[in-house]
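Novice: Construct the entire structure; sequences and hints are all you get.
Each protein sequence line maps, in turn, to chains A and B.
For the first sequence, counting from 1, position 49 maps to 49 in the working numbering; every step adds exactly one.
For the second sequence, counting from 1, position 58 maps to 58 in the working numbering; every step adds exactly one.
The set of hints was computed from the structure by calculation and includes no laboratory data.
Be aware that one or more of the hints could be misleading.
Unchecked claim - Pulled a few chain A residues facing chain B out of the computed Cβ check, cut under 8 Å:
(1) I56
(2) L102
(3) G107
What the hints assert, rightly or not - Derived pair list, reagent style SDA-like, types lysine to any residue, alpha-carbon separation capped at 20 Å:
(4) K107/B with M46/A
(5) K58/B with S28/B
(6) K101/A with V113/B
(7) K41/A with Q42/B
(8) K40/A with V113/B
(9) K107/B with L45/A
Backbone N, C-alpha and C fix where the C-beta goes; we use that ideal spot for every residue, glycine too.
Okay, here's what each chain looks like letter by letter:
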Amino acid sequence: DTEVTQTPKHLVMGMTNKKSLKCEQHMGHRAMYWYKQKAKKPPELMFVYSYEKLSINESVPSRFSPECPNSSLLNLHLHALQPEDSALYLCASSGAGGGEKLFFGSGTQLSVL
Amino acid sequence: AQSVTQLGSHVSVSEGALVLLRCNYSSSVPPYLFWYVQYPNQGLQLLLKYTSAATLVKGINGFEAEFKKSETSFHLTKPSAHMSDAAEYFCAVSHPFVGYSTLTFGKGTMLLVSP
Numbered sequence: 001d002t003e004v005t006q007t008p009k010h011l012v013m014g015m016t017n018k019k020s021l022k023c024e025q026h027m028g029h030r031a032m033y034w035y036k037q038k039a040k041k042p043p044e045l046m047f048v049y050s051y052e053k054l055s056i057n058e059s060v061p062s063r064f065s066p067e068c069p070n071s072s073l074l075n076l077h078l079h080a081l082q083p084e085d086s087a088l089y090l091c092a093s094s095g096a097g098g099g100e101k102l103f104f105g106s107g108t109q110l111s112v113l
Numbered sequence: 001a002q003s004v005t006q007l008g009s010h011v012s013v014s015e016g017a018l019v020l021l022r023c024n025y026s027s028s029v030p031p032y033l034f035w036y037v038q039y040p041n042q043g044l045q046l047l048l049k050y051t052s053a054a055t056l057v058k059g060i061n062g063f064e065a066e067f068k069k070s071e072t073s074f075h076l077t078k079p080s081a082h083m084s085d086a087a088e089y090f091c092a093v094s095h096p097f098v099g100y101s102t103l104t105f106g107k108g109t110m111l112l113v114s115p
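Specialist: The structure is reproduced here in structure tokens:
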């Protein structure tokens, strides 16, 4: 199984809602990532978890809250988002070595109204 | 800091023609380089990875890339384009850390294939 599974595929939320994005992998990878991709732009790194511990937070606003409950799961909790947060949110996983290839999920297309 | 630059935001080819997508890197150490492809409303799929084992890297779907240190380039090629190759292509450089690696992507090149 070389898949990274993200749910939901599409999400529409209001600025006062609370929602969560979910990501799951069963490749035994110990590094998991959240990337944000705006239309016609490259993905930008948001968070990195290594061995279930937050290793990188790229100065992401606190309305985005990541969580890694175990080595296979990664969540992104959303609260009080702004319309400019509308984007494709991509989860990825990789091995823990240097220069490892990242495996990406198909993403969650988020629209904030 | 390591970075990549992709030349050309759009490349148009005819079906059956050679595909050439350009990527130049900037790195003071031997880099780990990647090419990813993204189809509309999809995630990113790895095409190939350079790890210094060989300068010519073969990937999936008939794509290959050649690492040229003298030109700091890692261009992606395919001898004959198919309609199904139409997608966005990203060159990326890896930043290795202890326990994980992050990717910095180029701005992307949209490949358009006409019949």
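Novice: Look at each hint and say if it fits the structure.
Specialist: Going down the list of hints, with the structure as the test:
1. For I56/A, the interface hint holds, the least distance from its beta-carbon to any beta-carbon of chain B being 7 Å, beneath 8 Å.
2. Of the supplied interface hints, the one on L102/A holds, with its beta-carbon coming within about 6 Å of a beta-carbon of chain B, less than 8 Å.
3. Annotation: interface hint on G107/A holds; nearest CB of chain B at approximately 5 Å, less than 8 Å.
4. Of the pairs offered as hints, the one joining K107/B and M46/A holds, with about 17 Å between alpha carbons and a cut-off of 20 Å not exceeded.
5. The hinted pair formed by K58/B and S28/B fails the criterion: a straight-line CA distance of about 25 Å is larger than 20 Å.
6. In summary, the hint linking K101/A to V113/B is not supported, as the alpha carbons are separated by about 28 Å, beyond the 20 Å threshold.
7. Of the supplied pair hints, the one linking K41/A and Q42/B holds, its CA atoms being roughly 14 Å apart against a limit of 20 Å.
8. Among the hinted pairs, K40/A with V113/B is consistent with the structure: their alpha-carbon atoms are about 18 Å apart, no more than 20 Å.
9. Straight-line distance between C-alpha atoms of K107/B and L45/A comes to about 14 Å, which keeps the hinted pair within the 20 Å bound.
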